[in-house]
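Asks: Protein chains in written order, with our numbering: chain A, 1 to 384; chain B, 385 to 805.
Worth flagging that the hints you see were computed from the coordinates, not collected in a lab. Don't take every hint at face value.
With a straight-line cut-off of 30 Å between C-alpha atoms, the simulated BS3-like cross-links for lysine-lysine are [stated by the list, open to error]: (1) A/250 / A/304; (2) A/277 / A/310; (3) A/215 / B/521; (4) A/277 / A/304; (5) B/783 / A/215; (6) B/521 / B/532.
Model, not experiment: these values are computed from the prediction.
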Amino acid sequence: MSALTLSGASGRVTGLEPLPHQTNTMVVNLGPQHPATHGVLQIVLGIDGERVTSATPHIGFLHRNHEKIEESRSYEQVIPYLDRMDYVSGLQNELAYVLAVESLSGIDVPDRAKYIRTALFELNRVISHLVWLGTYLLDLGAITPFLYAFRDREKALDIIERTCGARMLPNYFTFGGLRRDIHPQFWHDLVDFCAYFENILPEYEALTIEAPVFKARTQGVGLMSKELAINHGISGPNLRASGVNHDLRKDQPYDAYPYLEFEVISRDEGDAWARSKVRFDEFYQSLNLIRQCAYKAPRTGAIKGKGRVKIDEGQQIYRSVEGSRGQLGVYLMSDGGAGPYRIKHRSPSFVVLQTIPDLFIGQKFADVIAILGSVDVVLGEVDR
Amino acid sequence: MSPKDRPMLGRLSLPQDRHFRPKLVGYTAQKPNPMAVIFGYSLLYIAMVAVLILMYGIIPWLMRLPGSPFAQDGVLTATGTLIYAMTAAVLSFLVVAIAALILILALRKYLAIVQNRHGPLHYGPGGAFQTIADAFKLVSKEDFMPAKADAWVYTLGPIMVFISAFLLMAVLPFGKTWVLAPLEAGLLFIIAAGTLSAYGVLIAGWSINNKYGLLGGLRAAAQLVSYEIPLSISLLSVAIWVGSLNLVDIVEAQRSWWTLFPLIVPAFVYFIASLAEIKMTPFDLPEAESELVAGFHTEYSGMRFGFFFVAEFAELFLLPAIAATVFLGGYHQPLAGLWDFSEVLRNLGSGTQFGNFLADIYGLLWLLIKTALVAWLIMWLRATLPRFRDDQLMELCWKGLIPLSLVGLVLAVVFRLIFKG
Chain A
1 MSALTLSGAS GRVTGLEPLP HQTNTMVVNL GPQHPATHGV LQIVLGIDGE RVTSATPHIG
61 FLHRNHEKIE ESRSYEQVIP YLDRMDYVSG LQNELAYVLA VESLSGIDVP DRAKYIRTAL
121 FELNRVISHL VWLGTYLLDL GAITPFLYAF RDREKALDII ERTCGARMLP NYFTFGGLRR
181 DIHPQFWHDL VDFCAYFENI LPEYEALTIE APVFKARTQG VGLMSKELAI NHGISGPNLR
241 ASGVNHDLRK DQPYDAYPYL EFEVISRDEG DAWARSKVRF DEFYQSLNLI RQCAYKAPRT
301 GAIKGKGRVK IDEGQQIYRS VEGSRGQLGV YLMSDGGAGP YRIKHRSPSF VVLQTIPDLF
361 IGQKFADVIA ILGSVDVVLG EVDR
Chain B
385 MSPKDRPMLG RLSLPQDRHF RPKLVGYTAQ KPNPMAVIFG YSLLYIAMVA VLILMYGIIP
445 WLMRLPGSPF AQDGVLTATG TLIYAMTAAV LSFLVVAIAA LILILALRKY LAIVQNRHGP
505 LHYGPGGAFQ TIADAFKLVS KEDFMPAKAD AWVYTLGPIM VFISAFLLMA VLPFGKTWVL
565 APLEAGLLFI IAAGTLSAYG VLIAGWSINN KYGLLGGLRA AAQLVSYEIP LSISLLSVAI
625 WVGSLNLVDI VEAQRSWWTL FPLIVPAFVY FIASLAEIKM TPFDLPEAES ELVAGFHTEY
685 SGMRFGFFFV AEFAELFLLP AIAATVFLGG YHQPLAGLWD FSEVLRNLGS GTQFGNFLAD
745 IYGLLWLLIK TALVAWLIMW LRATLPRFRD DQLMELCWKG LIPLSLVGLV LAVVFRLIFK
805 G
């Protein structure tokens, strides 16, 4: 059974007024076993013909009790669990937590480690956006971009595997820097990948966001107004596509971001195409940032700062990073023990699901899929 | 940020290899042997051509031999015609089945090439017998029916869809005399037979008592009925240009000049509309797997599903074959007006049946080549495009294709008045 039922900001779950030619509303269960729900999301849709009259998302099918388990572990032992939360971008989850603990215990991070962490963080963004791009086009009925995206994602994952020892669950960042040193080819691999991927991006562009059918399916679909996005606490590409110039890498810079040059990408349309375009442009941005890291990073030096984790009773902090889906936050509270007393993760996908009734009601059934894919949810992160 | 605005940051990068892969991590996959692939596919093609030759060449010739009980003075008797019709029905089923097998395999292999995969690899040379194995699997599965399905309608659905595709074989001319039913109204027959599948899909979607099925069936019915109109009008333009509804007449009229060149607009409309009739991307809404799971055949399994599947690929063979017949000169070699190799072959036997037989085989190969080219175009689109939304689909049909096909019709009339008086 579902653990929780979300409703829109207006509390509206029952939906629109019936059409003048009253027909029977059909209730369709979209999920939890459905190809387009990206995991185990269930959406109970009321549809009248092809028009959606109500939408109620049910979550909790993938709940693994991460937060409670983490509270019974030591600070160091928490990190592997973070990889498994948002399994598409594990390193980003690690960074949010690691930064929180570093701030509380006052551990300094050497510059070299900062650059490496930032480069991997951005590489993870590329990986995450590739998964989104592939699965979104799969939702819209094109198989080929999916396979291209996963081919190139594998190349990026190879770099992570070579560096961290694991593809998707790297367990690499630690308090004060990195768990192990990088290998000599690390920066070369990254720069190679950037060159390769930048060459191939125009092909993606022609096949996906610039394709006429793709534009027809996404432009003007799933409009998320600025007000709606802000009221719901939407963050990341979804927020930036609604005309809000908000990016934590710029607004609350962490790690090596203060040393890097980039501009926040945003668009004003607020539709599914704008969200796609923002993500697509972030490919270029991420590659640029990885390159900057590769050129600016110190070639020698420590990879881990001195100091040990010691957090006094009652200390608490909220640290967040700009993950690929938005604001990845960690709220941490200590009772002076070896592990966190309370830990709470703020996952952007969970927040996005609140807007489902607002985005879906009144739309076509086929658009439901186009909207759900465009906001990019990962259910591992929603349910934790 | 556009690619132009990107700052160039020195030249640390190594050679820009499209197929870059870090060195330590590697995998080896079994590479298909190109010769094995070609050999395997040729086997299937030869099987199909052999059945066609048997059906149109050898069996009628045997039945008309002097002293045969089925013919008098080279014309089949009533009994002979009946026996031939029954044999031909079985054989044309075989042709359609083999064509579907080839096209399923070709689609899988072609998509694999486009998508950097290998596709079927293990069963038969180059994976050529994979679809045969799949067909055996479908036949050997349990004959399952949902408890609340409407049994009669549930059974009737796939049959109607399959028959609708299969009927097209009857009027399709594979050679000048190689046609089962040389109907005077062959084009009308094609339109009528094609419409039948809309009923099949609709009742299949209704009978399975499944919401996805119902939506898929309704979408399919709306789509098929709508796209029948531009399809029919574009075929009608051909009838006007040629002045006949008989497919053999239409092909014979294209000996020196294909219909495609005056009638490029109807040909374009026919191509797009036939995509919708086959329910192929970007018009695969009725079975949009990311929305409707499997659409109207959600609850069909085993060979009942197999009928839908075979029918889809039979249409992928037959609709391009009709396009080749109607627009691309059918069994004629290109530019046959200037020099025709089939005439050489016809004169080879000097008066006997053998020369005609060779010429017919030669024409058959051209028809299959043209069909394969059109089918490949459809597969190419399938590999490239996402799918439309239902209202966009209808808009494209009613606001785009139908006016365009009417323009084509007017043009056909004008061309006929100008060029043929």
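Asks: Each of the hints needs a verdict: does it hold here or not?
Replies: These are the hints, each one checked on the structure:
1. A threshold of 30 Å between alpha carbons decides the hint, and for residue 250 of chain A with residue 304 of chain A the separation of about 25 Å falls inside it, so the pair holds.
2. For the hint pairing residue 277 of chain A with residue 310 of chain A, the CA-to-CA distance comes to about 44 Å; that exceeds 30 Å, so the pair is violated.
3. As the CA atoms of residue 215 of chain A and residue 521 of chain B are separated by approximately 40 Å, the hinted pair breaks the 30 Å bound.
4. Note on residue 277 of chain A and residue 304 of chain A: the hinted pairing is violated, with a Cα-Cα distance of about 37 Å set against a maximum of 30 Å.
5. For the suggested pair residue 783 of chain B and residue 215 of chain A, the alpha carbons sit about 19 Å apart, so the restraint of at most 30 Å is met.
6. Restraint check for residue 521 of chain B and residue 532 of chain B: satisfied, since their Cα atoms lie roughly 26 Å apart, inside the 30 Å limit.
This entry does not satisfy hints 2, 3 and 4, going by the numbered hints stated previously.
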